[in-house]
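*Asks:* Mind assembling these two chains? They're in different frames, but the hints should get you there.
As they're listed, the protein sequences go chains A and B.
Numbered according to this note's numbering, the first sequence spans residues 1 to 283.
Numbered according to this note's numbering, the second sequence spans residues 1001 to 1147.
A hint or two may mislead.
Claimed, not checked - The calculated lysine to any residue pairs, modelled on SDA-like cross-linking and capped at a C-alpha distance of 25 Å, are: (1) B/Lys1142 with A/Asp190; (2) A/Lys98 with B/Gly1053; (3) A/Lys98 with B/Ser1040; (4) A/Lys98 with B/Thr1132; (5) A/Lys98 with B/Pro1113; (6) A/Lys98 with B/His1112; (7) A/Lys98 with B/Arg1081; (8) A/Lys98 with B/Val1041; (9) B/Lys1142 with B/His1112; (10) A/Lys98 with A/Thr154; (11) A/Lys98 with A/Tyr265; (12) A/Lys98 with A/Tyr184; (13) A/Lys98 with B/Tyr1134; (14) A/Lys98 with B/Asp1122; (15) A/Lys98 with B/Asp1117; (16) B/Lys1142 with B/Arg1081; (17) A/Lys98 with B/Val1043; (18) A/Lys98 with B/Glu1119; (19) A/Lys98 with B/Arg1114; (20) A/Lys98 with B/Leu1128; (21) B/Lys1142 with B/Leu1109; (22) B/Lys1142 with A/Ala97; (23) A/Lys98 with B/Ala1118.
For the record, the hints were derived by calculation from the structure and aren't laboratory data.
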Amino acid sequence: MSAEYHEPRAWDEAVATLQEHGDDALVLAGGTAYTLLLRQGLIRPGHVIGLRRLPGAARIDADAHGGVSIGAMATHTQALRSEAVREHWPELGAALAKVATIRIRNQATVGGSVAHADPASDAPVMLCALGAQAVVVSGSERRRAPVDELFVDTFTTSLAPHELIHSVEIPGRTPWTRAAYLKYTLRSVDDYATVSVAVRAEITDGVVEQLRVFLGGVGATPMRATSTERALRGRRVEPRALGDAAALARNDVDPADDVRGSAAYKREMTRVFTERALRSVLA
Amino acid sequence: MTLHVRVNGTARDINAGPEVRLIDVLRDQLGLTGTKEGCSVGVCGACSVLVDGEVMSACLLPAVLVDGMDVTTIEGVAAERLEEAFITEGGFQCGICTPGQIVSAVALLMAHPRPSDAEISDWMTGNLCRCTGYRGIERAIKKAVGE
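So here's chain B without its partners, still in its complex pose (with noise of 0.2 Å):
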């Protein structure tokens, strides 16, 4: 069947059926590689993505649950702040967590501009950084939002 979906902001049609995820839409067919699979069990957080704002696991979303709804990747948010704070504060290491950290703290900037630490944690949770990168990762939060 058809789908509908805007993603990054542009308007895609999609051909997926219900079996189909989220992740291998973007990853196979718009060839959006920047998210990652990582786990597959959406316990690691490496294929976060922005639905209607929300951030979700791409590996755990059937495709067409996005049908008519917005879709953004790392690919598509405008956050350099973030990523340059990410590489000053050793936020970045191998690399393989990263977009999903910085999807995931976008989410959590839009739902609080300046968050709390307990905030923070809430949301970043589930993130995992196998580098163990989390206090570079939580300073860099606080880097990009002026703290």
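Chain A with its partners taken away, still in its complex shape (with noise of 0.2 Å):
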């Protein structure tokens, strides 16, 4: 039997019916996910809830500030193209790029991104490594969370049921700051990562005020490095430190055995990028 299939044109109505059907519901964002998952059996939802007409969903825009907003239903074609993040954070737009092909780029969202929880999808880890926070909605309540909150296992984040990713914000930046998104394909190109790292850093009079390092594929979740980060920050940029540094991050993550590498390779695979990724935004 099909599914019913909702196209909400508000947000409340969107959350009402999402608590209406509880879990026979499915959100439908850019539909990349829930193909494949359809297909293979994995799912079987009695509602559909598109969120594609719901008002300013895909919409994106940069504060006084530097700040940007991304609309959960901005596709990474057109968060990567929009004048905010290519003024505001190229470098987020570089992560963005490395999804896959064009065609998912234009068909998957960055809120269908962050919903899915794939521990190995770029959007995610480099989200978390800016610092950005979701904006997320039910009925007429709205709350800020940090993204790296979201995510409590593969596929699984902390959002309610009846929650919905409205945006996604990533604070501005100082002339201090400094981001990079490395990625590692073992294949090809479009692969998954077998792992990625997202570091940003804020560094004056050459010693690291700030730093965040995120890394995908490699745990669960996006993966926080935080033996790395303890030992440079507040310390002075020391290139010869790097390494030392980088190789921390091994024991920070908790990869599987697959085709995208034995956990033991990935793992110095974690260890090889960090410090590349470090050495491009502190050297």
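*Replies:* So, in structure tokens, the structure goes:
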């Protein structure tokens, strides 16, 4: 039997439909992950709630401080082509450009990528490192949550069943902000990452004031390299110390053996690519 | 539910629920079999179509998401120069990937009428050719734009 399709025109209507149908409802954003899960028989929703007609759902804009807001329904392509991202966060644009192929980037949404919580996806890892906040709506309620706190397990977020991601907000930068996203793929450039590394750093007078390092593909969620961060934060940038700090990240990740490499190999590549990412922003 | 879609310039009413993919509509309901189903997971590019001018995989796209939009398939692209160049440059071999290659190349040339090598590579990545005719496909695209 065919599922019933809903296309609400208002956010509170979307939330109400979600609440009404509970576990029998599924939210449809760009539809890439949805179609794959459906075809594999892993989901069989009775009600599908498409978000594409919600007002402002794909809106992208920048605030006066260079912070950028990306509507959950903006596709990767819309986000990376947008003036706001190109002007204020080109490093985010570069990360989004590394997602699969242009066909996927034209269809898959930034919010969908976060909500789907695939730990090997690119956008979530970069958003975590940039310190992005998710704007989450439920009915007339609205709250902000750090994106990195949304991820609790593979394909699992801390969102309540009746909550929707409205947008993600990337805080503005200073002249001392540096960021980078490196993605290592084993087989072809359009693959999921064997490991990916996202870094945001604030460096003043040669001192690492703030540092956020997140890794993709090497755990159940985007993994935070807390040991690496701790080794460098508050210290002067010493190019020779970056290798040692990157090596610590091996113990911050929890990779699995799969077609993209053994766990041991991914740990080693975590070190290699963390060091490269750190060099590109700190050295 | 009934979807209203312009397919290759013609308004069509399509009956499809949220589990129906665009490729099923194109091939089974509309008889547009030029769009091929290869991998079924959005990787190979054989099912490339244009949705409001943007290239997408018809095998990954729920048909409900193209309601109200323009869909262009290989049958609807006017790409004689490209097609000619694919033949003369060896970009056309066994033929299974060719409709998707042409549709992707059309999308590329709409965005970048004189594409650089990097743009060709970026846009054509993920249109797989099992005959590995990639150099021929690159040459064909360059020839079609007069290089």
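*Asks:* Would you mind marking each hint as holding or not holding in the structure?
*Replies:* Evaluated hints:
This hinted pair checks out: B/Lys1142 and A/Asp190 have alpha carbons roughly 23 Å apart, not beyond 25 Å. Of the pairs offered as hints, the one joining A/Lys98 and B/Gly1053 holds, with about 21 Å between alpha carbons and a cut-off of 25 Å not exceeded. For the given pair, A/Lys98 sits about 21 Å from B/Ser1040 by alpha-carbon distance, which is consistent with the 25 Å threshold. For the hint linking A/Lys98 to B/Thr1132, the alpha-carbon distance of about 23 Å falls within 25 Å, and the restraint holds.
A hinted pair counts as satisfied when its Cα atoms are at most 25 Å apart, and A/Lys98 with B/Pro1113 qualifies at roughly 23 Å. Of the supplied pair hints, the one linking A/Lys98 and B/His1112 holds, its CA atoms being roughly 19 Å apart against a limit of 25 Å. A hinted pair counts as satisfied when its Cα atoms are at most 25 Å apart, and A/Lys98 with B/Arg1081 does not qualify at roughly 31 Å. Restraint check: the Cα-Cα separation between A/Lys98 and B/Val1041 comes to about 18 Å, which is no more than 25 Å; the hinted pair holds.
Using a Cα cut-off of 25 Å, the hinted pair B/Lys1142 and B/His1112 holds, with the two alpha carbons roughly 12 Å apart. With a C-alpha separation of about 21 Å, the suggested pairing of A/Lys98 with A/Thr154 holds against the 25 Å cut-off. Note on A/Lys98 and A/Tyr265: the hinted pairing holds, with a Cα-Cα distance of about 22 Å set against a maximum of 25 Å. Restraint check for A/Lys98 and A/Tyr184: satisfied, since their Cα atoms lie roughly 10 Å apart, inside the 25 Å limit.
Our distance criterion of 25 Å between C-alpha atoms is met by A/Lys98 and B/Tyr1134, whose separation comes to about 21 Å. Pair hint A/Lys98 plus B/Asp1122 holds up; C-alpha atoms about 10 Å apart against a cutoff of 25 Å. In summary, the hint linking A/Lys98 to B/Asp1117 is supported, as the alpha carbons are separated by about 17 Å, within the 25 Å threshold. With a C-alpha separation of about 11 Å, the suggested pair B/Lys1142 and B/Arg1081 falls inside the 25 Å cut-off, and the hint holds.
Straight-line distance between C-alpha atoms of A/Lys98 and B/Val1043 comes to about 14 Å, which keeps the hinted pair within the 25 Å bound. Between A/Lys98 and B/Glu1119 the alpha-carbon distance is near 14 Å, which keeps this suggested pair within the 25 Å criterion. A threshold of 25 Å between alpha carbons decides the hint, and for A/Lys98 with B/Arg1114 the separation of about 23 Å falls inside it, so the pair holds. For a cut-off of 25 Å, the pair hint linking A/Lys98 to B/Leu1128 stands: about 18 Å separates their Cα positions.
At roughly 10 Å between alpha-carbon atoms, B/Lys1142 and B/Leu1109 fall within 25 Å of each other, so this suggested pair holds. Our distance criterion of 25 Å between C-alpha atoms is met by B/Lys1142 and A/Ala97, whose separation comes to about 23 Å. A C-alpha spacing of about 14 Å is found between A/Lys98 and B/Ala1118, which places the hinted pair at or below 25 Å, so the restraint holds.
Figure legend: structure checked against the earlier numbered hints; the only hint not met is number 7.
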